[in-house]
Amino acid sequence: MEEQELESGKIRKFIYVNRKAPHGTIYAHEALEVVLIAAAFEQDVSLAFIDDGVYQLKKGQNTDGIATKNFSKTFGALDMYDVEKLYVEKESLDARGLSEEDLSVDVEILPASDLKKLFNESEVFFNF
Amino acid sequence: MLHTINKSPFEKDSLTTCLRYAEDGASILFIEDAVYACTKGTEFEKIIQDHQENIKFYVLGPDLEARGLDNSNLTNSIEIVDYKGFVKLVADNEKTQNWL
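Taken in order, these protein sequences are the chains called A and B.
So in numbering that gives the first Met the number 0, spot 107 of the first sequence is number 106, and the numbers just go up one at a time.
So in numbering that gives the first Met the number 0, spot 45 of the second sequence is number 44, and the numbers just go up one at a time.
Keep in mind the hints are simulated off the structure, nothing from the lab.
One or more hints might be untrue.
Stated by the list, open to error - Below, in silico cross-link-like pairs of lysine-lysine (DSS-like), each with a Cα-Cα straight-line distance of 30 Å or less:
#1 Lys-115(A) x Lys-39(B)
#2 Lys-39(B) x Lys-57(A)
#3 Lys-57(A) x Lys-45(B)
#4 Lys-57(A) x Lys-83(B)
#5 Lys-87(B) x Lys-68(A)
#6 Lys-39(B) x Lys-72(A)
#7 Lys-45(B) x Lys-58(A)
#8 Lys-55(B) x Lys-58(A)
To be verified - Okay, the calculated bits of chain B under chain A, using three or more residues with CB under 8 Å as the criterion:
#9 6 to 17
#10 24 to 37
#11 40 to 47
#12 56 to 67
All C-beta atoms in this analysis are idealised placements derived from N, C-alpha and C, irrespective of residue type, glycine included.
Assemble the whole structure, with the sequences as input and the hints as a guide.
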């Protein structure tokens, strides 16, 4: 019964708001796990990276020296789960001296004013 | 005196507070998310430069690498140390204060 409801269920617009740097806390890694769950249920998933969250997408991360999982590689595999809408806030990049070339995956860079519209159109929020 | 900071300067004001308390001749070591304070093109570049005459700044290499950063991203004259260097800093200083 429940399965049928899920199958026939409405597809909702999910937005994941990532505001934490990777590695120092577990938030970024956990967010990625939850993104994959929503993707498995074939929801309409968008990811937004603002504040320190933009650091999650920095190129060339190598966690060998701190002996943790290098989950940054997973961002490059998200398109296999049909998660293709990644948005990065321009103001956050600028404040950190970063630009599009510093990022490991294809993203759309938007000013906060545009991200605000995306948030307004979203139905389900996950904040990390 | 050795001061260590482990939080992102964009999230917490540990660096600002540490600098208010650090005396001339002190050392500051950035670890974990605090390594972002050492990067060029941020508001913290100038803050560090303004203190480099009196304070020596260090950053933990493995934490930089984990975050995709290297020497080319750093504000000038910040020394990268490995874990052995971290231990040596602690041993060489009589006291260590951690700013969380």
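Checked hints:
no.: 1; hint: Lys-115(A) x Lys-39(B); verdict: holds, 28 Å
no.: 2; hint: Lys-39(B) x Lys-57(A); verdict: holds, 15 Å
no.: 3; hint: Lys-57(A) x Lys-45(B); verdict: holds, 22 Å
no.: 4; hint: Lys-57(A) x Lys-83(B); verdict: holds, 27 Å
no.: 5; hint: Lys-87(B) x Lys-68(A); verdict: holds, 27 Å
no.: 6; hint: Lys-39(B) x Lys-72(A); verdict: holds, 25 Å
no.: 7; hint: Lys-45(B) x Lys-58(A); verdict: holds, 25 Å
no.: 8; hint: Lys-55(B) x Lys-58(A); verdict: holds, 28 Å
no.: 9; hint: 6 to 17; verdict: holds (count 4)
no.: 10; hint: 24 to 37; verdict: holds (count 3)
no.: 11; hint: 40 to 47; verdict: holds (count 4)
no.: 12; hint: 56 to 67; verdict: holds (count 7)
Comparing the model with each numbered hint stated earlier shows that all of them hold.
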